[in-house]
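J.: Chain residues, written in single-letter form:
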Amino acid sequence: MKVLIGSVLGGLVVVLIALLAFGVLPATSLKLVEGYMPMQMLVELAGSVAIFATVSYMLSQGGIQLPRFWQGILFWAYILLYLKFRVYPPIPFSVRAMYGTVSLIAVFMWVSSNEEDWKKFKQPIMNVLDANTGFHKGLRTVYLVLLPILLWGFSYSSFLPNLDEPVELRTVHPAPPASTKVHGKTFVLQTSQNPYRVNPEGKYDQEYSNARIVEQAMGRLMKPDANPWDEKAEGYLKYVREGGEIFFQNCHFCHGDNLNGRGLHAFAFNPIPANFTDPGTIAQLQETFIFWRVSKGGIGLPNEGFPWASVMPPWEQHLTTDEIWKVILFEYWHTGYYPRTWD
Amino acid sequence: MGSLTKKKTLAIMALSAMIGLLLLPIVVSVPALASGGGAPAGGPPPDVVKKEGGEGDKDKKIEKARDVYYKTEGIVSGLPAPKTGDNSKDYPRYNFESRVLLWFANQQHLYYGSFVLAVPIFCMVIEFMGVMTKDKAMGKKYDQLAYDFIKISLTAYSLTAILGGILIFTFLTLYPAFFGYLSSIFRPVMHIYALMFVAESGTLYIYYYGWDKMKEGFLKWIHLSMSVILNVIGTVLMFLANSWIGFMMSPAGVDEQGRFLGNIWHVIHTALWNPLNVHRILGNMAFGGGVVAAYAAYRFLSSKTDEERAHYDWMGYIAMSLGVAFLIPLPLPATWLMREVYAYRQQMGITLMGGLLAWLFIIQATMIGILFLSTNYYLWQALGRMRGAERFQRWIKYFVFLLVCGFLVFITPHTMVMTPAELKAMGGQQHPVLGNYGVMSAKNGGINVIITTTVLTFIWYQRGNRVPSVSWSKFGNIFMGVFFFFAYVNIIWLAIYGYFIPANVRVGLSVPQVATTLSCLFFMTALNLSMLKGAKQIGPIEWGKISVRSQYALIMLATAFTWMMGLMGYIRSSVRLFWHVNEIMRDNSPWAYTHTVGFAANMISFNVLFFWISIMFVFWLGTLAAKKAPVEAKAPVPGQAPQPAVGH
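One line per chain: the protein sequences are X and A, in this order.
Under my numbering, the residues of the first sequence are numbered 1 to 343, in order.
Under my numbering, the residues of the second sequence are numbered 1001 to 1648, in order.
Derived by calculation from the structure, the hints in this document are not laboratory data.
Ideal placement from N, C-alpha and C gives every residue a C-beta, glycine not left out.
Mixed in with the good hints, there may be bad ones.
Said to hold, decoys possible - Sample of chain A residues lacking proximity to chain X, with all beta carbon distances greater than 10 Å (derived):
| hint | residue |
| --- | --- |
| 1 | K1134 |
| 2 | G1202 |
| 3 | M1338 |
| 4 | L1624 |
Claimed, not checked - What follows is a list of derived Cβ distance ranges for each label pair:
| hint | chain 1 | residue 1 | chain 2 | residue 2 | range |
| --- | --- | --- | --- | --- | --- |
| 5 | X | S158 | A | N1602 | 16 to 22 Å |
| 6 | X | N162 | A | L1527 | 55 to 61 Å |
| 7 | X | L104 | A | E1216 | 52 to 58 Å |
| 8 | A | L1101 | X | L30 | 31 to 37 Å |
| 9 | A | P1329 | X | A53 | 33 to 39 Å |
| 10 | X | L12 | A | W1493 | 30 to 36 Å |
| 11 | A | L1101 | X | V14 | 55 to 61 Å |
| 12 | X | G138 | A | E1542 | 38 to 44 Å |
| 13 | A | G1508 | X | W152 | 54 to 60 Å |
| 14 | X | L81 | A | L1527 | 24 to 30 Å |
Between the sequences and the hints, there should be enough to build the whole structure, so can you do that?
T.: Structure below.
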């Protein structure tokens, strides 16, 4: 019975991988839920480990011992396939290579964690090297022929002309200058503040504004009594509304009406414009950093901002200083993120 | 007066004389320091002084200027920082990149310097353990171990001094303008440094050569207190050297032109000095532990007898434990240092962690992960030398899983390397799954999971061949299990929660995360030890009967330490970009650009390789000495490791 359960479970995993790998079952059929994706991936990996351990246990209880060598190889292959075919959008090769290497190290650590397991793992390799059975002699001969062919194949492919665009090391957040001059006024980035992030008394108050941004979770719901489009809205919320109007007149064509970088013109560019809803963009930065980037645009990227692939106009040529501050206010309000502060 | 009392009196007098000699340079220099270094540091050359004197004191104007960091006013007491040009006068050169030569000399000096500063700290701790332990056989073993440690560092000490000389000559011959300026500012500090070095050498030689003469009774305590003095001197030496690099990164005590303002304390006590000091002490000790562990591994692998293997297995274990003990708190001063960097100059912080040098930080994360993975692997292998520890083996795969999940999150780059085609397929610069791992909140969770799992591994190691027999052991086990479970839950939950709160609060979340990890480390280790009091032994520890893979793990650990140290030194130095002294003295040499990541990695690897080849020579010298030394009585201790094979 245990063998049957183990076999069925293992078989299901193999079938699932095959369906995913051959595209019969698109990766998107098993949804990665927005907002939960990072944990979902880790939970799925944990589930995989549990299934593999269960299958192995069930089979061993039933007297079928999967060789440790093949356990290790199969599990590693599974991780590589999972990363390649399950996670979408596709993971860049450089990151998959890092993950694959770490997984290989993990498999090595597991199979060699004690002497007995390590011997079991090594045995098939040692057999290929020096066992005197007919099968192993044949296998050695096959390797003798295959290995040079494999090396020849690698050499040949490395000599083929490669027309792919080269890999780019990007600097997403180049270091800002100490100060920036916009419309004749100098703003010190470390100390300047958004003049519209104010409480009803007109004083700069981040806590007040933080309490009125939309919720970060799915749906991005507005807080009760914090609707900037309410005609009675005053102060901070009124400035958010004004910022929103500026955003939809100027920015949303590229940055999208959900601020996720998928605007009308977005896909004409590579990379597409910054996705403000991602926790790695404006959520990581000071408002003054955004102020500097918006004012100076792609052309104002500093030397270290490689590969300078940004077509954003220098908005200081089109907007007033106040308008830039208001649009930044709106971006933080809409995404539900808080600008970075120092205290 | 008995002979022993005479000896005591002589020893105390010798020690007092030594302390007196040690403090002499400081006492002599105190009035000079108080008045800003006697004749003004960085002052004009003698001919200029003479000229000014000739014009009469009445015409002499006292010029005041403002400190760039402390914002206090001071009397200008030095010349401005020289404005260099790309010529052979300011930057004499061979037909080779001078910066690379300097990089090499500096890194090698630092490796050896760190090692010889760290090892005496271990010696002090181990010798103290030997004195305090009630088990005489164990006491002797500890004493032998401490002696073995200091023996290794003695040859390394000469090499440190030689490399220091090479470094100074490299500075003087290739960067004369810059070094002239730096030494004019730090003149009294450099003299004190040199005198301290003399004191360090003297103390070290007495400490080493007096080991046998001072091995009993009161003299042993004198010997032990000498190790304290040795470490105090070593630490002060390092602090003084740190003040130079602190000044280069975050200058103080000078005005905008780089003119010295008469207060040497301001020049020493820059914004980054103290964080650098603390970070380097812990870093050196972790590094030193790694190198000694690698030495033990090397000796283990080349051992011919079981006795030798037993001794070096034990030595490797102790060195590794000490190294890791200092590795675990290392992220705290590192965080403090980065916080101070951000507070000093935001651009510097972003260049380091978010901009130009961000990829190097990913490499650093990888090295940190390798350190912890190697440690865990070593401990799992070490379970193999305990009979009865087999019961833990089947759980190791789950530990591997936890470690690797933490590691994968920890090394995920925020800025991914990809082709434009991959960028397009990904639909933007941010990956919706992996992008979340690339920020600090997730990474804090990742590293804390790794460290907590390492603690758990260590607790299992402690239990390897023992079963708690206290009446409350069941309750203790449940408590421990629940504690660890909620520790993981807390760490992971805070990592997720970090996405939903302001950045300043998020940064603060690392405090409860680290507190959780440290609670596991301190409380659970203490609880485990108290549960293991009078525990039932289910098998012996068979020192020396450990897989060779474990020894390679120790070598891996040491190599990772060395590589990481080289990497972080490069990052710290290159963050100044095109400045010799940040915002004060510009680097106008043709090499004032940031190297590519590939070049830097190759250079670091070369430095690491050179260090390991040279230290292998030092290890080999150690084996020569051991062969000549008389072998002491080697009475095996029942149930313990056999006596070491080498004597002194």
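J.: Each hint: holds or not?
T.: Cross-check of the supplied hints:
| no. | hint | verdict |
| --- | --- | --- |
| 1 | K1134 | holds, 35 Å |
| 2 | G1202 | holds, 47 Å |
| 3 | M1338 | holds, 13 Å |
| 4 | L1624 | holds, 34 Å |
| 5 | S158(X) to N1602(A): 16 to 22 Å | holds, 20 Å |
| 6 | N162(X) to L1527(A): 55 to 61 Å | holds, 59 Å |
| 7 | L104(X) to E1216(A): 52 to 58 Å | holds, 54 Å |
| 8 | L1101(A) to L30(X): 31 to 37 Å | violated, 57 Å |
| 9 | P1329(A) to A53(X): 33 to 39 Å | holds, 34 Å |
| 10 | L12(X) to W1493(A): 30 to 36 Å | holds, 32 Å |
| 11 | L1101(A) to V14(X): 55 to 61 Å | holds, 58 Å |
| 12 | G138(X) to E1542(A): 38 to 44 Å | holds, 42 Å |
| 13 | G1508(A) to W152(X): 54 to 60 Å | holds, 58 Å |
| 14 | L81(X) to L1527(A): 24 to 30 Å | violated, 43 Å |
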